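Undergrad: Here is how the chains run, residue by residue.
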Amino acid sequence: MKNVTLALLVALGALLGRPHTASAQQFLVVVNASNSVHSISVSDLSKIFLKRTTTWSSGQPAVPVDLSDSSSVRAAFSNAVHGRSVSAILAYWQRMIFSGRGVPPVQMASESDVLAYVRAHPDAVGYVRNGTALGADVRTLAVAR
Amino acid sequence: MRRLTFIALALCMSSTALVPAALTAQSDSHLQVHGYLTQAWGIADGGTFAGIPTEGTTDYRTLALLFRYDLGEQDNLTIQLSHRRLGVSPDVVGEPDVKLDWAYYDRQFGAFDVRIGRIPIPAGIYNELRFVGVTLPMYRPPFNFYMEGAFTSETVDGAVARYTLFQGDAWSVDASAYYGSYTMINRAQIDTQYVPVSANVQHAVGGQAWINTPIDGVRFGGGLSTEDVKDGEFPGRWNEWHASADINLPAVTARAEYRTFGLPQLRYTAYYGSLDLHVTDRFSLHGLADFADFTYYPLPTIKFNKEYAAGVSFAVRPNLVLKGEVHTTNGFWADSPVLDPTSNAPATVRYGIISLSTAF
Numbered sequence: 039m040k041n042v043t044l045a046l047l048v049a050l051g052a053l054l055g056r057p058h059t060a061s062a063q064q065f066l067v068v069v070n071a072s073n074s075v076h077s078i079s080v081s082d083l084s085k086i087f088l089k090r091t092t093t094w095s096s097g098q099p100a101v102p103v104d105l106s107d108s109s110s111v112r113a114a115f116s117n118a119v120h121g122r123s124v125s126a127i128l129a130y131w132q133r134m135i136f137s138g139r140g141v142p143p144v145q146m147a148s149e150s151d152v153l154a155y156v157r158a159h160p161d162a163v164g165y166v167r168n169g170t171a172l173g174a175d176v177r178t179l180a181v182a183r
Numbered sequence: 255m256r257r258l259t260f261i262a263l264a265l266c267m268s269s270t271a272l273v274p275a276a277l278t279a280q281s282d283s284h285l286q287v288h289g290y291l292t293q294a295w296g297i298a299d300g301g302t303f304a305g306i307p308t309e310g311t312t313d314y315r316t317l318a319l320l321f322r323y324d325l326g327e328q329d330n331l332t333i334q335l336s337h338r339r340l341g342v343s344p345d346v347v348g349e350p351d352v353k354l355d356w357a358y359y360d361r362q363f364g365a366f367d368v369r370i371g372r373i374p375i376p377a378g379i380y381n382e383l384r385f386v387g388v389t390l391p392m393y394r395p396p397f398n399f400y401m402e403g404a405f406t407s408e409t410v411d412g413a414v415a416r417y418t419l420f421q422g423d424a425w426s427v428d429a430s431a432y433y434g435s436y437t438m439i440n441r442a443q444i445d446t447q448y449v450p451v452s453a454n455v456q457h458a459v460g461g462q463a464w465i466n467t468p469i470d471g472v473r474f475g476g477g478l479s480t481e482d483v484k485d486g487e488f489p490g491r492w493n494e495w496h497a498s499a500d501i502n503l504p505a506v507t508a509r510a511e512y513r514t515f516g517l518p519q520l521r522y523t524a525y526y527g528s529l530d531l532h533v534t535d536r537f538s539l540h541g542l543a544d545f546a547d548f549t550y551y552p553l554p555t556i557k558f559n560k561e562y563a564a565g566v567s568f569a570v571r572p573n574l575v576l577k578g579e580v581h582t583t584n585g586f587w588a589d590s591p592v593l594d595p596t597s598n599a600p601a602t603v604r605y606g607i608i609s610l611s612t613a614f
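Line order of the protein sequences matches chains A and B. For the first sequence, the residue numbers in the numbering used here are 39 to 183. For the second sequence, the residue numbers in the numbering used here are 255 to 614.
Bear in mind the hints are in silico, worked out from the structure with no lab data behind them. Any given hint could be a false lead.
Label-pair distances were calculated between CB atoms; the ranges are [unchecked claim]:
(1) A/Arg90 / B/Phe488: 49 to 57 Å
(2) A/Ala71 / B/Ala505: 25 to 33 Å
(3) A/Ser148 / B/Ile333: 42 to 50 Å
(4) A/Lys89 / B/Tyr562: 32 to 40 Å
(5) A/Thr178 / B/Leu354: 28 to 36 Å
(6) B/Leu335 / A/Lys89: 34 to 42 Å
(7) A/Ser72 / B/Val472: 36 to 44 Å
(8) B/Leu478 / A/Ser72: 19 to 27 Å
(9) A/Ser137 / B/Asn493: 24 to 32 Å
(10) B/Ala424 / A/Ser137: 30 to 38 Å
(11) A/Ala71 / B/Tyr323: 27 to 35 Å
(12) B/Tyr323 / A/Ser148: 22 to 30 Å
Since we're looking at a predicted model, the values are computed, not measured. Glycine included, C-beta positions come from ideal geometry on N, C-alpha and C.
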């Protein structure tokens, strides 16, 4: 009986749990150097990228920028931050688009495009592969679990 | 002409499916264009259900193009044009090939959002998404609950207001309300045939609230509405309430809804439960049990219709989904045979649908 209970709990955990299969070390979250926010929780970061929150804690509008669907960095980000696969997030956006409730973040084909976008938009937030040279006017945003 | 339309749709679907995901990604433009298409083949046994005849049909699809223009950071204009074919269903006789589905102005005031124009009605889990194949487990939402073609409307001509309470918190509430009018099709039974009859709905007022829980994907909701129905088969003031549970987790999706509406002298009640097992990121199994009861006072309540369905879906890509499903219905919702529920026994109709859905 105990084993059955344990198995059920494990199964429930697997269903409810967020599959943190990717380490946060695989990507860096980047913002414009002028952004006054220096750290953010995983939960709040997820809400910004799903547009459930539209402002930074400072009150400034938050402008997320995604990498393309096929990017391995996006897959790592999606699993670590949203706790869902890229496919699940795309399904979420399809529901939002076709119910007229919203459109997904701007999407960039490459990490250099993400950096250029963040450099040009003071309120933007994006992510790039860990180890990428950020260049001027872009810095990392610490993500707290 | 039909062949040309079919070829054009097939080309549209294949070209959409072949466009790399990166090219369909959204740019930073003020104008965004999205679309969806589902093309299906259906065949029935024992009668015709939802336009699917015993000889089968490929004249079965939904298609829409959505244009959204951002006027500023807080407001936008949205227009959606749609096309639908429903086999040999009597409910869509006279429906134009292309119709203006949505056309509204949307303005946001923080957590408050107001839309004016022709707007999708926020009602239940699926009403705003009822034709978007890539978001649905099966070809259509549960038939007894949402229906299709008759006694229902996806949109209202008027205004919709939304407000998110505790936005960004672990628990939050999405509340919405609408007011306006619309036209819907009713079914009139003449001898052994159904004939579509137009009903004008005035002073439709409704509200709905979803409670979002701290578990991402788990929410519970409910709503109320009332509308003044002119003409049609059942004129009068209709009153309705519904309750919904939506549990959408990475490995499993479980949904259940209950809805009851009617006039003082009659009542229609529908309820369903569905379970989707996401075996892999691409492959899912689907099950549905969907019921409807009908009461015409003082007659006893009739088990109006029950439907059991099972299906599989395979996402070739997130925006290209192949589905197969089988349904068994028993009751009085079939297009044929046309039966009087007060004097005939219910009919059993089985049908199957294979469909391919895409969106961009």
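Undergrad: Each hint: holds or not?
TA: Okay, the hints, checked on the actual structure:
1. Taken as a hint, the range 49 to 57 Å is violated for the pair A/Arg90 and B/Phe488, whose Cβ atoms sit roughly 40 Å apart.
2. Range check, A/Ala71 to B/Ala505: about 41 Å between beta-carbon atoms, so the 25 to 33 Å window is missed.
3. Checked against the hint of 42 to 50 Å, the C-beta distance between A/Ser148 and B/Ile333 comes to roughly 33 Å, which is inconsistent with it.
4. Separation of A/Lys89 from B/Tyr562 is about 38 Å and conforms to the stated range, judged on CB atoms against 32 to 40 Å.
5. Checked against the given bound of 28 to 36 Å, the beta carbons of A/Thr178 and B/Leu354, roughly 48 Å apart, lie outside it.
6. For the pair B/Leu335 and A/Lys89, the supplied restraint of 34 to 42 Å is violated, since their beta-carbon distance comes to about 25 Å.
7. Checking the proposed 36 to 44 Å range against A/Ser72 and B/Val472 shows it holds: the Cβ atoms sit about 38 Å from each other.
8. Taken as a hint, the range 19 to 27 Å is violated for the pair B/Leu478 and A/Ser72, whose Cβ atoms sit roughly 48 Å apart.
9. Taking 24 to 32 Å as the suggested C-beta distance range, the pair A/Ser137 and B/Asn493 conforms, at roughly 25 Å.
10. A beta carbon spacing of about 23 Å between B/Ala424 and A/Ser137 contradicts the range 30 to 38 Å that was offered as a hint.
11. Distance hint check for A/Ala71 and B/Tyr323: the Cβ-Cβ separation is about 32 Å, which falls inside the suggested range of 27 to 35 Å.
12. Remark: the range hint 22 to 30 Å for B/Tyr323 to A/Ser148 is upheld by a beta-carbon distance near 28 Å.
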